[in-house]
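S.K.: Sequence:
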Amino acid sequence: MDIPVGRPEPISTVAARTAEQAAPAAPRATEIPWTRIDLDLYEVARDGRIVGYIEVVGAVFVALGGTRYDRAVEVAQHLTFHDAVDTVLHCAGRETRSAM
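In the working numbering, the protein residues as written are 33 to 132.
Do not rely on the hints blindly, as some may be mistaken.
Okay, the calculated beta carbon distance ranges per label pair [stated by the list, open to error]:
hint, residue 1, residue 2, range
1, A91, D118, 27 to 33 Å
2, D118, V89, 16 to 22 Å
3, L71, R126, 28 to 34 Å
4, G90, R126, 17 to 23 Å
5, G125, G90, 24 to 30 Å
6, V105, D79, 17 to 23 Å
7, L111, G80, 25 to 31 Å
8, L71, R100, 18 to 24 Å
9, G125, L71, 27 to 33 Å
Since the hints were derived computationally from the structure, they do not count as laboratory data. Values in this document were obtained by computation on a predicted structure and should not be read as measured data. By construction, the Cβ of each residue, glycine as well, lies at the ideal position given by its N, Cα and C atoms.
My request is simple: use the sequences and hints to build the entire structure.
M.R.: Written out as structure tokens, the structure reads:
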């Protein structure tokens, strides 16, 4: 049996360390939800499924909702790419909830 060299840890330190060990791990980094498929066209995916597209038209990013580009419907126009991606993901989330 080993003899402890230092003083015993205060109870508050032991409790804090136990709480850290019991805390759930941080969520893993999410995948990039878009892929460039053409010079001015991006595909947006959620959980590995295509949910929409972003089309670049001049200085405007057109958000298209739908799994197929030829049948996708315009849902919004934005001046920033990230806002357009967020809109497509948000619309996809509404569609999956309404389908249940």
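S.K.: Hints first: check each against the structure and report whether it holds.
M.R.: Going through the hints against the structure:
1. A91 with D118: 27 to 33 Å: Violated, at about 18 Å.
2. D118 with V89: 16 to 22 Å: holds, 18 Å
3. L71 with R126: 28 to 34 Å: The hint (28 to 34 Å, Cβ to Cβ) holds, given that L71 and R126 are roughly 30 Å apart.
4. G90 with R126: 17 to 23 Å: violated, 28 Å
5. G125 with G90: 24 to 30 Å: Once the Cβ atoms are compared, 28 Å apart, the range 24 to 30 Å for G90 and G125 holds.
6. V105 with D79: 17 to 23 Å: holds, 21 Å
7. L111 with G80: 25 to 31 Å: holds, 29 Å
8. L71 with R100: 18 to 24 Å: Since L71 and R100 have Cβ atoms about 20 Å apart, the given range 18 to 24 Å holds.
9. G125 with L71: 27 to 33 Å: Once the Cβ atoms are compared, 28 Å apart, the range 27 to 33 Å for L71 and G125 holds.
The structure does not agree with the numbered hints 1, 4 stated previously, though it agrees with the rest.
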